[in-house]
Amino acid sequence: AQKITQTQPGMFVQEKEAVTLDCTYDTSDQSYGLFWYKQPSSGEMIFLIYQGSYDEQNATEGRYSLNFQKARKSANLVISASQLGDSAMYFCAMREAVYNQGGKLIFGQGTELSVKP
Amino acid sequence: DTEVTQTPKHLVMGMTNKKSLKCEQHMGHRAMYWYKQKAKKPPELMFVYSYEKLSINESVPSRFSPECPNSSLLNLHLHALQPEDSALYLCASSQDDRGHVNTEAFFGQGTRLTVV
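Respectively, the protein sequence lines represent chains E and F.
So for the first sequence, this note's numbering puts the first residue at 1; every next one is plus one.
So for the second sequence, this note's numbering puts the first residue at 1; every next one is plus one.
A couple of the hints might just be wrong.
[As the list claims (entries may be wrong)] Here are a few chain E residues that face chain F, going by a calculated C-beta distance under 7 Å:
hint, residue
1, Phe12
2, Met45
3, Phe91
[Said to hold, decoys possible] Pair by pair, the computed Cβ-Cβ distance ranges are:
hint, chain 1, residue 1, chain 2, residue 2, range
4, E, Glu56, F, Val12, 46 to 56 Å
5, F, Lys41, E, Gln30, 29 to 39 Å
6, E, Thr27, F, Pro8, 35 to 45 Å
7, F, Glu52, E, Gln14, 23 to 33 Å
No lab work stands behind these hints: they were computed from the structure.
Fair warning: this is a prediction, and the values are worked out from it, not measured in the lab.
By construction, the Cβ of each residue, glycine as well, lies at the ideal position given by its N, Cα and C atoms.
Excised from the complex, chain E in its bound form (with noise of 0.2 Å):
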């Protein structure tokens, strides 16, 4: 079953406007992480966010933002401001606490952005 669903395939979003890209997941832990990635055409993932599964508060690194909704088992990244450099493709991911399971990292099926000059 698949742990981490990213509905949004492909998303478009003007410079300078903000975006939102969806990613819902599904676990019975009650501990567990949440990250999100961003992987330009070059190849290498990027670590953009994290939100934990205890934090009461939603995660923010400048212009990334985590809408973080436990009970809905949702974990938007918001974008604001978008700017070119951005367009990428992003994947929501997840690591359940399973000890010496290799701490494995799920991903999603990922969104391809593409910003609009």
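For this one, chain E is given, so just place chain F on it according to the hints.
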């Protein structure tokens, strides 16, 4: 230094060749990973090394052989690959894998492998 370095960046190999992919990190991380990624798809976990021991093999064919010579290095030995093995191979590391959910993984730039 938050860098994971992978070499080579590009590799073209024949189906009868033997080659190796290399990954290096100097962050003191004790968990290292190999992922395979096809175009427009998410990374798929292949192997996990924890404290230099193989802890997870996600049913990867034996033509892929991982090796962790020390805590900073991770290799992936390739032999008798098929054209469908062509993909981006990503190496990652994290502090450890001892159930800490806030442990982010740092990724290298990947090796783009083409099997001809």
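Quick rundown of the hints versus the structure:
1. Checking Phe12/E against chain F: minimum C-beta separation of about 17 Å lies over 7 Å; hint violated.
2. Given hint, Met45/E at the interface with chain F, holds; its Cβ is 4 Å from that chain's nearest Cβ, closer than 7 Å.
3. Hint status for Phe91/E relative to chain F: holds, with the closest Cβ pair at about 6 Å, below 7 Å.
4. At roughly 51 Å, the beta carbons of Glu56/E and Val12/F sit within the given window of 46 to 56 Å.
5. Taking 29 to 39 Å as the suggested C-beta distance range, the pair Lys41/F and Gln30/E conforms, at roughly 30 Å.
6. Between Thr27/E and Pro8/F the CB atoms are about 37 Å apart, so this pair conforms to the stated range of 35 to 45 Å.
7. Remark: the range hint 23 to 33 Å for Glu52/F to Gln14/E is contradicted by a beta-carbon distance near 49 Å.
When held up to the earlier numbered hints, the structure conflicts with 1, 7 and fits the remainder.
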